[in-house]
Each structure stands twice: as C-alpha cells, then as structure tokens.
Amino acid sequence: MSADYVLEMKNIGKRYGENTVLEGVTLQVRPGEIHALLGENGAGKSTLMNVLFGMPVIHTTGGFDGQVLLNGEEVHISSPSDAMTKGIGMVHQEFMLLPGFTVTENIKLNREMTNRNLVSRLLGKNMETLDMKAMSSAARKALDSVGMSIDEYTRVEGMPVGYMQFIEIAREIDKTGVKVLVFDEPTAVLTESEAEQLIRVMKAIAETGIAIIFITHRLDEVMEAADAITILRDGHLVTSIQKKNTSIIQLAELMIGRKGEAMVSVESRPLPQDQVALHVDDLYVNMPGEEVRGVSFDVFEGEILGIGGLAGQGKLGIPNGIMSLYDSEGNVEFFGQPLKLGNAADALRAGMAMVSEDRKGVGLLLDQSIEDNIVFTAMQVKKEYLSFLGPISLKNSRQIREQANRMINELDIRCFGPTQHTGTLSGGNQQKVCIARALTMDPKFLFVSEPTRGIDIGAKKLVLETLVKLNREQGMTIVMVSSELQELRSICDRIMIVSEGEVVDTLSPDASDADFGLAMSGIKPSEHKKEAMNNDNQ
Amino acid sequence: MTTSKVRRIIAFALTAIALIAIVCGIVTLILRNGQTGEDALQSMRLHSVINASGDVETFVAIAEKQATEAAKQEYNEKYKSLPRNDPNRISMAELTKMRKAEAAEATRAMYANSSVDLSAMDTTGLKAALLDYANKLKDYYDAKDEAEKAYRATHEAEARAKAEAERQQKLEAGEEVIGDPVIVIDMSKFVATDEMLEKQAIADEAYLIVGTELKKFYPLIDDETLNTLKPTLSDIVFQPGDDFALLYDRYVEKGSAVALENAFLATLVRHADDIIYAGLALLILALMILYYETLSKKLGLPRIVLGSFFILLCFLTLWFDLSLPALLSNTLVRLGMNSIMVLAMVPGIQCGISLNLGLPIGLVAGLVGGLCTIEWGIPGIAGFAVAIAIGVVIAAIAGWLYAQMLNRLKGEEMSVTTYVGFSIVSLMCIAWLVLPFNSLKLRWPMGTGLRNTVGLDSTNFKHILDDFLSFSIGDLTIPTGALLFMALMCLLVWLFTRSKTGVAMAAVGNNPRFAEATGINVNKMRVIGTVLSTMLGAIGILVYSQSYGFIQLYTAPRQMGFVAASAILIGGATTTRGKISNVLIGTFLFQGVLTLGMPVANVLVPGSTFSETLRILISNGIILYALTKSGGGSRG
Numbered sequence: 001m002s003a004d005y006v007l008e009m010k011n012i013g014k015r016y017g018e019n020t021v022l023e024g025v026t027l028q029v030r031p032g033e034i035h036a037l038l039g040e041n042g043a044g045k046s047t048l049m050n051v052l053f054g055m056p057v058i059h060t061t062g063g064f065d066g067q068v069l070l071n072g073e074e075v076h077i078s079s080p081s082d083a084m085t086k087g088i089g090m091v092h093q094e095f096m097l098l099p100g101f102t103v104t105e106n107i108k109l110n111r112e113m114t115n116r117n118l119v120s121r122l123l124g125k126n127m128e129t130l131d132m133k134a135m136s137s138a139a140r141k142a143l144d145s146v147g148m149s150i151d152e153y154t155r156v157e158g159m160p161v162g163y164m165q166f167i168e169i170a171r172e173i174d175k176t177g178v179k180v181l182v183f184d185e186p187t188a189v190l191t192e193s194e195a196e197q198l199i200r201v202m203k204a205i206a207e208t209g210i211a212i213i214f215i216t217h218r219l220d221e222v223m224e225a226a227d228a229i230t231i232l233r234d235g236h237l238v239t240s241i242q243k244k245n246t247s248i249i250q251l252a253e254l255m256i257g258r259k260g261e262a263m264v265s266v267e268s269r270p271l272p273q274d275q276v277a278l279h280v281d282d283l284y285v286n287m288p289g290e291e292v293r294g295v296s297f298d299v300f301e302g303e304i305l306g307i308g309g310l311a312g313q314g315k316l317g318i319p320n321g322i323m324s325l326y327d328s329e330g331n332v333e334f335f336g337q338p339l340k341l342g343n344a345a346d347a348l349r350a351g352m353a354m355v356s357e358d359r360k361g362v363g364l365l366l367d368q369s370i371e372d373n374i375v376f377t378a379m380q381v382k383k384e385y386l387s388f389l390g391p392i393s394l395k396n397s398r399q400i401r402e403q404a405n406r407m408i409n410e411l412d413i414r415c416f417g418p419t420q421h422t423g424t425l426s427g428g429n430q431q432k433v434c435i436a437r438a439l440t441m442d443p444k445f446l447f448v449s450e451p452t453r454g455i456d457i458g459a460k461k462l463v464l465e466t467l468v469k470l471n472r473e474q475g476m477t478i479v480m481v482s483s484e485l486q487e488l489r490s491i492c493d494r495i496m497i498v499s500e501g502e503v504v505d506t507l508s509p510d511a512s513d514a515d516f517g518l519a520m521s522g523i524k525p526s527e528h529k530k531e532a533m534n535n536d537n538q
Numbered sequence: 001m002t003t004s005k006v007r008r009i010i011a012f013a014l015t016a017i018a019l020i021a022i023v024c025g026i027v028t029l030i031l032r033n034g035q036t037g038e039d040a041l042q043s044m045r046l047h048s049v050i051n052a053s054g055d056v057e058t059f060v061a062i063a064e065k066q067a068t069e070a071a072k073q074e075y076n077e078k079y080k081s082l083p084r085n086d087p088n089r090i091s092m093a094e095l096t097k098m099r100k101a102e103a104a105e106a107t108r109a110m111y112a113n114s115s116v117d118l119s120a121m122d123t124t125g126l127k128a129a130l131l132d133y134a135n136k137l138k139d140y141y142d143a144k145d146e147a148e149k150a151y152r153a154t155h156e157a158e159a160r161a162k163a164e165a166e167r168q169q170k171l172e173a174g175e176e177v178i179g180d181p182v183i184v185i186d187m188s189k190f191v192a193t194d195e196m197l198e199k200q201a202i203a204d205e206a207y208l209i210v211g212t213e214l215k216k217f218y219p220l221i222d223d224e225t226l227n228t229l230k231p232t233l234s235d236i237v238f239q240p241g242d243d244f245a246l247l248y249d250r251y252v253e254k255g256s257a258v259a260l261e262n263a264f265l266a267t268l269v270r271h272a273d274d275i276i277y278a279g280l281a282l283l284i285l286a287l288m289i290l291y292y293e294t295l296s297k298k299l300g301l302p303r304i305v306l307g308s309f310f311i312l313l314c315f316l317t318l319w320f321d322l323s324l325p326a327l328l329s330n331t332l333v334r335l336g337m338n339s340i341m342v343l344a345m346v347p348g349i350q351c352g353i354s355l356n357l358g359l360p361i362g363l364v365a366g367l368v369g370g371l372c373t374i375e376w377g378i379p380g381i382a383g384f385a386v387a388i389a390i391g392v393v394i395a396a397i398a399g400w401l402y403a404q405m406l407n408r409l410k411g412e413e414m415s416v417t418t419y420v421g422f423s424i425v426s427l428m429c430i431a432w433l434v435l436p437f438n439s440l441k442l443r444w445p446m447g448t449g450l451r452n453t454v455g456l457d458s459t460n461f462k463h464i465l466d467d468f469l470s471f472s473i474g475d476l477t478i479p480t481g482a483l484l485f486m487a488l489m490c491l492l493v494w495l496f497t498r499s500k501t502g503v504a505m506a507a508v509g510n511n512p513r514f515a516e517a518t519g520i521n522v523n524k525m526r527v528i529g530t531v532l533s534t535m536l537g538a539i540g541i542l543v544y545s546q547s548y549g550f551i552q553l554y555t556a557p558r559q560m561g562f563v564a565a566s567a568i569l570i571g572g573a574t575t576t577r578g579k580i581s582n583v584l585i586g587t588f589l590f591q592g593v594l595t596l597g598m599p600v601a602n603v604l605v606p607g608s609t610f611s612e613t614l615r616i617l618i619s620n621g622i623i624l625y626a627l628t629k630s631g632g633g634s635r636g
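Those sequence lines, one after another, are chains P and W.
For the first sequence, the working numbering begins at 1 and goes up steadily by one.
For the second sequence, the working numbering begins at 1 and goes up steadily by one.
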C-alpha cells in the first residue's frame, strides 16, 4: 500500500510541566514536496522538529501525544540517530563539519567506502583501506546535485559559510534512503545569490522524490520554493494550505494574527514630532545573537517608539548598543549633543536610562536588598543618596529608605519591605525594581527592553500602564523593545520593525497584520504592494 | 502527624525533663550546702580517718612491740635468776618470740571483724574533733598561702633583675634567646611567719584532740603512731583548694562510700551542679528543636551544627570540672588574634575574587614589618604602629601586583589565589634566608638566615593589644585591647562598605555585568578589593603575632589563608557574599570549638600526643566542612 504522505504527524501535543507548547498539531508531507513550516518565535516549530527527531529533551520530559507515521506506518523514533536510519535527515543551522577534513571526507564521514586488505582480514573491519576513488566520485555526484563546482579534495577550513551549507546538504543527500530532509533556517546566513541557489537545489532534490520540510521566516522564499505551507501560532495549527491557494499577504496575516484584546488601551494622539530626542545614524552593535548591522532612526521627544521583530534579528542590540553594554559604533546624538559610545556611564549621565531584558544577568543585584538596587545607579552616576564627610562618602540610609518606599508604593512592588533581597522576588516584582532603578535616575529618555518577558498578566498590565503614565504625565521619551507585537501596538506611537540587523520599516500601530507580518519577514510592506501592483499590471 | 507537631511534643518532653533536672539540681545543691552535705562529708571523713588509722598490721606491730618490751621485763623478773639447767628456764629470744606471737594473735583476733563497728560507738566526739581539725588546718594553709604570696611579691623585683642580667649575658655571648626571661623566685629562703607558726600550733593542738578521740576506738594507738599517721590524716581531712566535690571524690576513692547512710541521695548531692548543667543543656536542646526552622532560616545549618557543638563543649567542660571561664578567655584571646585575618576575606569576597586564599601575600608583608621594628629596636606601641605601617605599605604594593594578575585570570580565582598563596610562602622561605637583618634576636647565632620563630618580648610588642586595659572577672580574663582593635577594624571596613566605592565594589562582586551597565570600572574595583584584603592580612598577622608572642616565619603562614577562609564560611558567608557579622560569628565558633575541644578531648581520651593530633583533626575538619559549604550551604 502506498500512502499519500511520506510523513504524517497527527495531533501532536507536548507539555513541559504546566506549560502546553503544542496542542493538536498535524503536519502532512507528500513525497517530493517542499513543505514550509511557518510561525513566530515560540510558535512551536522547534518543539515539533524535536518530536520528529526523537530528541532526548522530549523523552526526558514525559514524551508527547499523537502519532508519527512514515509511509503510512506508525513509527517510534527514539533518538536522532534512529531518525537518521529511518530516513529523516537534517540540515543544521550551525554547520557540523570538521574544518581540517576535505570535502569528501566530510561528506562520507562515518559512512566511508572501504576495500578489504590483509590487515583487515586479520583484525576486522576497522582496519580496512579507504577507497578514496569511490568516495570522491560519490562526493562529486552529491556535490553536482547541489550545483557545487568546488573541488572535492579541498579542505573545509576557510570556506565561505555558503559553501559549508551546501556541503552539509550534499552530505544529507549522499545518504541512501533519505525520505525527508529538514532545512532549519538555511538561508539565514546566506547571501542573496546563495539563497537563490539553495532554493534551486531544494527544488532539484525534491524532484528526486525526497520530501523537504523548510523552516524559515522569509515569506518571499516560502512563496518561491514551497508547494505546501503549514502555519503554527502559539502551539496551535493555524492552517495547512497549498501555495497556489494563498498569497504572501495572507501568510503574513495568518502568522501574526490578533491575539485577544489589548491589555492597555491608549487614546490615539497626534505623533509628537517637534524635536528629535535621539538621532541614531549607522549604528553597528556586536551583541552575540542580536547583531545590529547599520541602523539609522530618529526618536522624537515625548513619543513612545516601539521596536519589534523576531528573536535574533537584532532588535535587542539597539538599546544595548546605545547604552554601551556591548561593543558598538555609529553616530548617536542625544538632544543635539553627540554621545560617545563605549562607557555606560556617559549615556546614564546624559539622562538616558535602560531597563534591561536580561533581568537577572544585568538588571539586578540578586543578593542585595530592594532599596540598594533601586538607588544604585543614581548613587554611582549622579552621586545622590550619599552623605559626605569631607572626602568620605557614605550611604544616606534615610534618603534611600524614603526613595525605596516611594517606589514600592508607586509601582506596587509586592515585598516584605525595602530590605528584602531581590533574588527572592517574583519575576514581575523584579521587573518593577528594575524600572524603579531606572526611574530613580530621573531620566529624560528611557529604554525598556522586553519589559514583559516572563512576568504574569497583572504585572504586565501594570508595567505597560506605568510606561504610558510616565510618558503622558512626565513627558518622558520611551523606546520600548518587545517581541510581543500586541504590546507594542497597544501603547506605542510608532513601531519600527527590525529584521536581520536592519530596520525594515516604521509602521503605525494601526497598520494591518499583513504589513507587520511582511515587515517581520524582512519585506517592506509598501514596496511589496508596489511590486504586487506592477505584477498585476503585467 | 506533621513534623512540626512531633518536634513540639519532643521539645515539651525535653523541657519537662530539663525542668525536673534543674529543680532536682537546685534542691540537692541546697542540701549540699546544708546539713545533708555536711553530714555526708562528716561520716565519710570519719570512716576514712578510722580506716586509715585502723590498719590491723599497724596495731599488730604496736602490739608486738609492746609484747617485746613486756617479754624483756618478764625475762628479767622471772627467768634471769633461774639456774641454767632449770627446765623452766627459757632463753630471752624464745620468750620474746612467744609473747610476740601471742600478742599478734590477740590483736588480730581483736580486729578480726574488719574495723570498728561505728554504729555501736559514740562517734560524736571524734566527728567534732575532726571538723575542728579541718577548720584549723584550713586556717593554717590560708596563712601559709598569704605569707608565701607576700614573700613572692617582695622578692619578685630581685628575681627579675637577676633573670634580665642572665639574659643580657647570654645575648652578649651570642646565644639563642627566645621570649621573655623566665622569672624564678627562690623559695628556699622562705621562713615560716609567726602567724603561720601560731596557726600550726593551734592545728597541732586540734590534732591532739583527734588523737585522744581516736584512742577511744583503738586503745592500742600510742603517741608515736599518731605522729606517724599525722600526714596521712591531715591529707584526708583537708587539702588546700578543697571543695565539696573534691572531698567527696577523695573519700569515695578511699572506699568510704559505704559509710554513707543514703548513698543515692549523696550521689545526687555530689552531682547537684552537673544535674543543673544537664538540665540547662536539655532546655537549650528543647528550645533549638522548637525553634529549629526559625534558627535554620536565620543562621543556616552550619552555624546551628557548630553552635550546638560549641554549647555541648561548654557543658562538657563544666561536667568534667574544667575551668570554663579560663577556656572562654582563651577563646576571646583567639577571637581577637584571628579576627582581622578573617576580616581580610570580606573585601575579597565583596569585590568578586571570592575567597582570597592568596592571603599569605599580606601575611608576609606584615611579618616583614614586624621584623623591621625588632631590627630597629622600636619598643612598645610605637613599634607596633611602625610594623603595621611598613606591613600595610608592602601589602598595598604586593596586593596591587597580585590584583593585576587576578584581573587577567578572571573566573579561575579559587585556583589562582590558592596557587599564589602557596607560591609566596615558598618564595619567602628563600627570602627569610637572605634578607639583610642583623639583630641577634632575628638571626640564627651561627650561619645565615632568620630564625624559625622569633620570640617577642616586653621590649617589642608582645601582648601590646591583649594587655591593654585587660581585666579579669574571676577566671575570665578579657583582652580588652585586642577586642577594641578588632571592633575598630570592623568599623572601618563597615564604613568602607557603605561608601560609594564600597557599594560599587560589592556590586562588582555580586554581578559584574550589572556594574558594567552602570559604567563602573570592574577591574579597578577588583584591584581595590584585593589590595584592601591584602592590607588587612598584613595587619591581621601582626595582631596575631603580638598575641601569640612569636613571629613565625617560613612555612607557618601557609595554612592561615585556609583557616581564615573557613572561619568566614562557617560564619555564614558564601564565595560571593560576605559580611562583618559572618566574620565575628565564624571566628568565634571556629576558635571556640578549637579551644574548648582539646581539653575536653584530653579528658575523654587521656594521652600525651592525642591533643596535637586532635588539634589538627578539629581544625582541618572544620576547614573541610566549611569548604563544602562554600556554595552557600542550606540557607532557607
């Protein structure tokens, strides 16, 4: 019996403790089909692939619900190597190649072709001679099929990343009996022409009957390569459709979606545009995993600017770079004054403050009390909350206590008192302490980075309301970076979307889901429309 | 049943037992000081005395002696005149032998049934006489003590001058002189005073009365025997420093327990104080069980474990009748002498280099300072100040270099500090051999190099802090100066931790990324912390040396870093968080367990070398235990 589908994952559900990360997800892949898997960060793509490959993290946390069928037969995949023998291959995002080995050796690693010799007859298979000729020709064949003209005797060391990607693919193709190949964000590190070549290769592989699961966030590539598309959102299956029945705009909409009602509603107002508070020109930030590659933007005094985008695209790098938490270069002007990058104290002294996304790593002294945390920056940078005895400065306990109590009241920090250690607070209250510390600096300009990450709904609401209040009542200019598009849309005046370290577009919070979806996948919505119109005209 | 309920029940049961024990102890203590105690002692004393004087062989000897005399007389009267061939005549030797045998037999028969049946005889006279004798003896010994004290006081200056002169002579001859001269007061010229003689005469009179009374029991006792018995009896009746427990134990040792009318009650009376101690210990145990959760949250398990051990040791010293106040003053001295070195851990921990096991850098700097003052002969407090000044300056320079190295090896502090600590000690072993010191107090008399231990004396800074304003309450001596100095250093460090720099430094240790985000120079703060720690180490070793009385060179400072680190860990610090309260609690517990543990262990397992073995066991055991808690232990 030949099944319609080479791979079927039926009603997959997965829970990590209390947390449901996948529920009733079905994925059906036909032979020779390029099947795109779409979704925002945290939509459940990686968990689904972990299930497919039988990763230990799935088994050690109680397994999963649902069935996995290969060619119509139910299989139990116990480990990644088991998946490989069953014909499921993976092209990794990080390359797994041995740099000192040649291309051939890398492709045939652990599957070497050998000839028997005298020693091996005596001592067993491990002593057989490598049949380099046969191996080279097999490698050549695999390389040709991915369109690589590179010499198979070259060492991998020092090759451009694009080449390594293709060698990886060649290695997977060379394996006999591969039925399904998973490409995890294969184009993220490739140049445009390499990406085009990759898609050509994928199509060629698919023609040989191998099914491809293509994980990406680039909608244009999906439209170009995929035959079928499955979209996940928040661990649920949104839809599974054929490419010919959809459009890029619909995909963008489906991917973003409306997630319930806005928690905080703000009256719309004219965008403050009188004075530029922060002018950023050609900023590069070397923040691992969140590199920024040349962004320029202006922030107007009195506005709330949102910075959105998918994880790993560089949105976090912008505030961290301007506040000099990571190596950065570029021109930054703050109220007309040039700001020197490199020392966090300069930015703080100029009147900026930041609430870091890395609460426990950067935002708090976990072993110290709430009050010491709150006044720390003001004490060090502005020399406040100190009493002076000649050259000696000592903490002014009374002032510190007053300020801490004021902040605890204003921000509703739930604690036993200002001397409680911040390490024992809940995530939401820790975040409030971080905000209190920034506010104690009395800043003109506030960066808040992922302010609602990992905190409960009540605390989220309060944090967002506090930001709005600060902006409206004290005229504080706020730049908020968040992965939660809904939050950005609820309180921001403008939202800047970052993709691959660059600014794609700045949108109004009222812009459509489709526009946000396109921008997040790196396509400027206005240009796309123009293109679409052109296409229609043709 | 929940654990808390079980705990409460156990605690209440223990409290009940404890209260019973305490009440029981107090009652018996009252009995001891009242008639019951007196009665018990008297009957035991009587029994002992009668036993001691009622030795059968003594009486046989007396009887034989008397018989010999009698036989001689009989011979002279009856047989001497008889002719030689008279059949009735016997030789004198034979007669004597015969009469002696008869007398011995008679005496043995007379005392055959052990000693005297006390119940059948009126003992009141002897009892009263013995009591009177005991009191008179006490008067005599008191007088003797006083007279000797007076003699010592008048002759001390003379003896001191003599010792100094000898010492000077030795120094001039180039001989080894360690420590202050030992002053020996020659008591050979001590002559009993009139008062003593008078008291002695009175005591002798009392003894005569005892003798008269004894003769009623043992008709055979003569004056000569009484004289022979005198030292034995006086020892039984009274010895200087006697109290109830000592007397009781002495009589029990002599087998007089049988004389007690109510042996059980007497035993209770004897152990009245021990019963109270046990009651108190149980009460503390009950409280600890009851409030275990609060305690463990406030203090953490290690402190509870060691604190309980310390309290247990306190009770054991009381139980074994060791002098607890003397041991506690020893603990206080050691608290003062070690605390600064432990305090040196605080800036290290706070600035993020974790436990500064490279403390020996500061220690050797301090030692060099100390040696300089001896070399230059600067006396007293000025010498101590100069030593600290030199030590601190050297420590600051060395600490700065050390900090540069630590900044280049971030993340490996534990191994780096340990390695540096060991290395500097080994390096200094060479340095001690070649440093150009010339004082004979410092150098070996022959060859090159400095001595292993340089004795401090009154011309240097020996006990300069310990003796400052020190005072005694009974056996408890308070080393006021050392404790004040400790408090001063703690205050300074505390003030520093509250300064802007101190706050920044603590943030660097706590979370370097946080500090960097505020624009704080992390490396600079680490340098400040390391230098401070090293400087405190220099001061610490000088405080240690002044109290110890010796400057120890060569390998001596090697372990001190570990001892200090353990003390602060026991005090509740972790490798990333340390406060001054941790220093004080930790040093007290560490040194307290060490000072109390050894005497107690010596009583438990008597043996000459055991105490040294045990000292190493206890101190290294605590270090090991502390290091297992370096992750923060089980703080709630």
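Be a bit skeptical, because a hint or two may be false.
To be verified - The following label-pair restraints were derived from C-beta to C-beta distances:
#1 Pro288(P) x Met405(W): 22 to 32 Å
#2 Ile9(W) x Gly417(P): 32 to 42 Å
#3 Ala487(W) x Phe416(P): 29 to 39 Å
#4 Lys382(P) x Phe12(W): 38 to 48 Å
#5 Asn409(P) x Phe320(W): 54 to 64 Å
#6 Val305(W) x Arg414(P): 31 to 41 Å
#7 Val305(W) x Gln474(P): 51 to 61 Å
#8 Ala487(W) x Pro288(P): 27 to 37 Å
The hints are simulated quantities; they were obtained by calculation from the structure and are not laboratory data.
All values derive from a computational prediction rather than experimental measurement.
Each residue gets a CB set at the ideal place from its N, CA and C atoms; glycine is no exception.
Violated constraints from the hint list, given by number and in increasing order = 4 and 8
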